[in-house]
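2 protein chains.
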Amino acid sequence: MSVIWNDLFSERALRMKSSAIRELLKLTEHPDFISFAGGLPAPEVFPVEAIERATVTIMREHGAQALQYGLTEGYTPLRELIAARLNHEGMKVSTENIMITTGSQQALDLLGKIFINHDDYILTESPTYLGALQAWNSYQAAYLTVSTDDDGMITDELEQLLQKHPKFIYALPNYQNPGGFTMSGERRLELARLSAKYNLPIVEDDPYGELRYEGEPLPTLLSLSAAYYPPSDSYTGNVIRLCTFSKILAPGLRLGWVVAAPEVIFKLAQAKQGADLHTSSLNQFLAYELLQSGFLDEHIHLIRQTYTERRNVMLQSLQEFFPLEVRWTKPKGGMFLWVTLPNGMDSSELLKTAIERKVAFVPGRSFFPNGGGENTMRLNFSNSTPQKIREGIRLLGELLKEHISQPTPAVVS
Amino acid sequence: MSVIWNDLFSERALRMKSSAIRELLKLTEHPDFISFAGGLPAPEVFPVEAIERATVTIMREHGAQALQYGLTEGYTPLRELIAARLNHEGMKVSTENIMITTGSQQALDLLGKIFINHDDYILTESPTYLGALQAWNSYQAAYLTVSTDDDGMITDELEQLLQKHPKFIYALPNYQNPGGFTMSGERRLELARLSAKYNLPIVEDDPYGELRYEGEPLPTLLSLSAAYYPPSDSYTGNVIRLCTFSKILAPGLRLGWVVAAPEVIFKLAQAKQGADLHTSSLNQFLAYELLQSGFLDEHIHLIRQTYTERRNVMLQSLQEFFPLEVRWTKPKGGMFLWVTLPNGMDSSELLKTAIERKVAFVPGRSFFPNGGGENTMRLNFSNSTPQKIREGIRLLGELLKEHISQPTPAVVS
Numbered sequence: 001m002s003v004i005w006n007d008l009f010s011e012r013a014l015r016m017k018s019s020a021i022r023e024l025l026k027l028t029e030h031p032d033f034i035s036f037a038g039g040l041p042a043p044e045v046f047p048v049e050a051i052e053r054a055t056v057t058i059m060r061e062h063g064a065q066a067l068q069y070g071l072t073e074g075y076t077p078l079r080e081l082i083a084a085r086l087n088h089e090g091m092k093v094s095t096e097n098i099m100i101t102t103g104s105q106q107a108l109d110l111l112g113k114i115f116i117n118h119d120d121y122i123l124t125e126s127p128t129y130l131g132a133l134q135a136w137n138s139y140q141a142a143y144l145t146v147s148t149d150d151d152g153m154i155t156d157e158l159e160q161l162l163q164k165h166p167k168f169i170y171a172l173p174n175y176q177n178p179g180g181f182t183m184s185g186e187r188r189l190e191l192a193r194l195s196a197k198y199n200l201p202i203v204e205d206d207p208y209g210e211l212r213y214e215g216e217p218l219p220t221l222l223s224l225s226a227a228y229y230p231p232s233d234s235y236t237g238n239v240i241r242l243c244t245f246s247k248i249l250a251p252g253l254r255l256g257w258v259v260a261a262p263e264v265i266f267k268l269a270q271a272k273q274g275a276d277l278h279t280s281s282l283n284q285f286l287a288y289e290l291l292q293s294g295f296l297d298e299h300i301h302l303i304r305q306t307y308t309e310r311r312n313v314m315l316q317s318l319q320e321f322f323p324l325e326v327r328w329t330k331p332k333g334g335m336f337l338w339v340t341l342p343n344g345m346d347s348s349e350l351l352k353t354a355i356e357r358k359v360a361f362v363p364g365r366s367f368f369p370n371g372g373g374e375n376t377m378r379l380n381f382s383n384s385t386p387q388k389i390r391e392g393i394r395l396l397g398e399l400l401k402e403h404i405s406q407p408t409p410a411v412v413s
Numbered sequence: 001m002s003v004i005w006n007d008l009f010s011e012r013a014l015r016m017k018s019s020a021i022r023e024l025l026k027l028t029e030h031p032d033f034i035s036f037a038g039g040l041p042a043p044e045v046f047p048v049e050a051i052e053r054a055t056v057t058i059m060r061e062h063g064a065q066a067l068q069y070g071l072t073e074g075y076t077p078l079r080e081l082i083a084a085r086l087n088h089e090g091m092k093v094s095t096e097n098i099m100i101t102t103g104s105q106q107a108l109d110l111l112g113k114i115f116i117n118h119d120d121y122i123l124t125e126s127p128t129y130l131g132a133l134q135a136w137n138s139y140q141a142a143y144l145t146v147s148t149d150d151d152g153m154i155t156d157e158l159e160q161l162l163q164k165h166p167k168f169i170y171a172l173p174n175y176q177n178p179g180g181f182t183m184s185g186e187r188r189l190e191l192a193r194l195s196a197k198y199n200l201p202i203v204e205d206d207p208y209g210e211l212r213y214e215g216e217p218l219p220t221l222l223s224l225s226a227a228y229y230p231p232s233d234s235y236t237g238n239v240i241r242l243c244t245f246s247k248i249l250a251p252g253l254r255l256g257w258v259v260a261a262p263e264v265i266f267k268l269a270q271a272k273q274g275a276d277l278h279t280s281s282l283n284q285f286l287a288y289e290l291l292q293s294g295f296l297d298e299h300i301h302l303i304r305q306t307y308t309e310r311r312n313v314m315l316q317s318l319q320e321f322f323p324l325e326v327r328w329t330k331p332k333g334g335m336f337l338w339v340t341l342p343n344g345m346d347s348s349e350l351l352k353t354a355i356e357r358k359v360a361f362v363p364g365r366s367f368f369p370n371g372g373g374e375n376t377m378r379l380n381f382s383n384s385t386p387q388k389i390r391e392g393i394r395l396l397g398e399l400l401k402e403h404i405s406q407p408t409p410a411v412v413s
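Residue numbers (full-length UniProt numbering), protein chains in the order written: chain A, 1 to 413; chain B, 1 to 413.
If a hint is listed, it holds; no wrong ones were tucked in.
Copies of the same chain look alike in the list, so a pair counts if it fits in one copy or across any two.
No farther apart than 30 Å at their CA atoms in a straight line, the calculated lysine-lysine pairs in the BS3-like style are these:
no. : residue 1 : residue 2
1   : Lys332    : Lys388
2   : Lys17     : Lys92
3   : Lys164    : Lys197
4   : Lys332    : Lys358
5   : Lys92     : Lys26
6   : Lys401    : Lys332
7   : Lys330    : Lys388
8   : Lys358    : Lys388
9   : Lys401    : Lys330
It is worth saying that the hints were derived from the structure and are not from the lab.
From just these sequences and the hints, can you work out the full model?
In structure tokens form, the structure reads like this:
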């Protein structure tokens with residue numbers, strides 16, 4: 001007789017669920033599928049040769065150090081370089097404000113670990129990033145949600161929600177995943193003001209900030225918050241900013257970083273020590289090499305160019321093929337746009353037919369922490385070629401037109 | 001005014017402590033220090049050139065895939081290779097039994113996440129691996145401890161402890177960290193029998209199994225447990241076995257793997273998805289390349305040779321320089337040996353003087369989950385050259401002789 005594992009798993013483990021969507025999407029990995037479902041960068045823009053060259057340099061110059069255990073907080077020269085770049089933008093940041101993480105996902109998990117007690121509230125946008133919910137569900141968080149529109153989080157709703165004392169506010173200000181919208185400058189100011197007024201941390205998750213295809217960059221919440229705290233050589237404010245090399249270098253390296261007050265970095269490092277000791281030394285050396293040499297700053301132009309074209313093709317195709325009753329966001333950057341179907345339509349139902357026709361998307365429902373969004377879907381435009389984007393949107397458009405023209409069957413009672 | 005972070009941190013975060021030892025040991029990073037404190041492999045045996053060559057091959061043949069997001073469970077060919085090697089040793093294991101982790105430390109953390117509710121008991125050896133305690137303390141575990149001797153965990157003590165229903169038994173059967181001892185074949189059999197009788201999982205942590213310097217390998221707990229379960233194409237038993245590439249390839253890559261029943265792997269993968277999505281694709285491709293080509297099997301000979309010499313020099317030096325009142329283990333493998341000082345001596349006090357003389361070790365106390373071990377210390381022999389080992393043990397021997405010859409000062413009452 002063997003162990004009955006479910007009798008032994010923890011409460012939090014029994015709450016973990018595999019998404020039914022994830023299972024469906026395994027079907028979409030075949031090459032004849034057109035998938036707008038994943039959140040993958042275009043492999044065509046991975047800097048394969050630069051990584052090969054950098055590895056050779058690293059192995060010859062720092063081989064032993066790049067293969068040895070490293071500091072939990074991260075490779076010091078990389079942390080210094082990140083701090084220097086922020087200071088160059090006018091911030092006052094020191095190495096003590098920076099920790100390297102095993103992708104941004106790890107930062108989300110460690111934030112859950114150091115902040116969330118059972119049933120603590122986290123305030124999120126609605127919809128919001130699914131990976132954050134997955135990380136925080138395992139610490140048994142509860143959610144307060146603030147609505148969004150084309151200018152991002154509707155900050156007018158915040159003050160009332162703050163009466164319920166959430167542990168922190170989770171915001172994705174740039175080209176939000178999944179919504180594709182960008183928080184306006186005014187709302188950023190208002191969010192920073194409220195955070196200071198209520199002494200409440202903001203987790204600013206900004207994986208796509210560098211992937212801007214039009215307009216000027218808006219100030220980060222990190223920079224806006226600095227106005228509320230006395231000048232110092234380190235950042236001492238309320239914002240915990242999450243960044244990643246996944247979208248500007250390569251996600252397979254699992255490299256992200258956190259910028260926060262030294263007390264937060266210190267506690268995150270204690271938690272990280274138990275979680276994975278430290279992030280891959282070799283991969284940190286790679287990021288350092290490619291950032292320090294200026295390669296990455298050049299490389300971002302290529303990524304922007306590629307994704308700008310793909311976004312434009314998707315927007316044009318939506319205009320051409322989608323029925324008039326359907327609305328979508330026009331993202332200024334990032335990798336996703338967000339589609340709203342007429343009320344009463346269920347995008348999960350639609351996905352079943354779409355998969356039969358070999359095209360896929362993510363139904364929007366899972367991005368809503370407290371339910372809703374049945375008539376929404378997320379479309380990724382970074383991972384498909386322009387030809388596939390046009391063909392896939394045409395197929396989806398046909399499907400939508402069929403569904404919208406069919407009246408909902410009356411229930412026979 | 002800024003956030004008072006301690007008012008916001010979770011209960012588990014407030015329990016996280018930085019070790020005072022860790023702070024002390026920062027001093028020992030200077031090159032003129034002789035440190036037996038860390039648990040670092042010898043950088044002289046890192047396969048720097050092989051990793052350079054393998055990276056070039058990977059970038060040219062699979063560049064895009066090695067830089068892209070991957071499956072949470074790990075790179076399938078690497079999992080298949082690990083399963084095939086176990087099957088070659090006579091196990092019945094499938095890919096479903098294997099998950100790749102970001103170092104073994106992540107496996108410990110994820111096991112805490114999926115098994116431990118507040119105040120659940122975990123049964124550990126005493127002393128035991130500090131990293132496991134760090135991981136599980138953050139899930140607010142309590143500990144039952146079983147004593148150890150030169151043959152490892154004293155299994156006669158187990159049956160009584162099992163009445164308190166621990167969630168699992170944590171065992172380090174080979175060249176234990178910190179103790180340096182190896183669990184005997186008889187005790188392995190007895191532990192496997194009790195685990196089956198009580199339907200209780202064993203976490204078998206075996207980072208050093210390949211680093212054997214004398215004698216024949218003993219059967220793993222995983223293989224012994226298989227006898228208790230019906231034959232199947234997958235492993236369905238109670239043992240959760242943790243292995244790592246850190247000691248046979250390089251720790252800086254942060255690569256480990258778990259072998260366990262499919263239900264456990266499934267739940268671990270759910271937890272890992274929230275923790276870091278997946279382990280670095282590039283590093284998994286590297287491990288696959290070096291394992292599949294046979295390089296690693298050859299390379300292990302070099303590591304064994306280097307560490308055998310270092311262990312022998314440390315044992316000879318201890319014999320020559322340490323006072324008669326002091327005892328130590330004679331490890332048949334691994335990276336550590338364990339020293340017991342006369343009762344009443346405090347190795348933490350001794351460390352302060354040792355550091356003044358530029359030699360360091362880890363006081364044993366922190367390896368005891370429920371206290372004790374003040375008169376013990378752990379010595380690492382893998383990371384210092386033979387010359388430094390001899391000189392460091394000579395210095396420690398002098399120091400010990402001074403302390404032992406001083407009678408403890410009487411308390412004036």
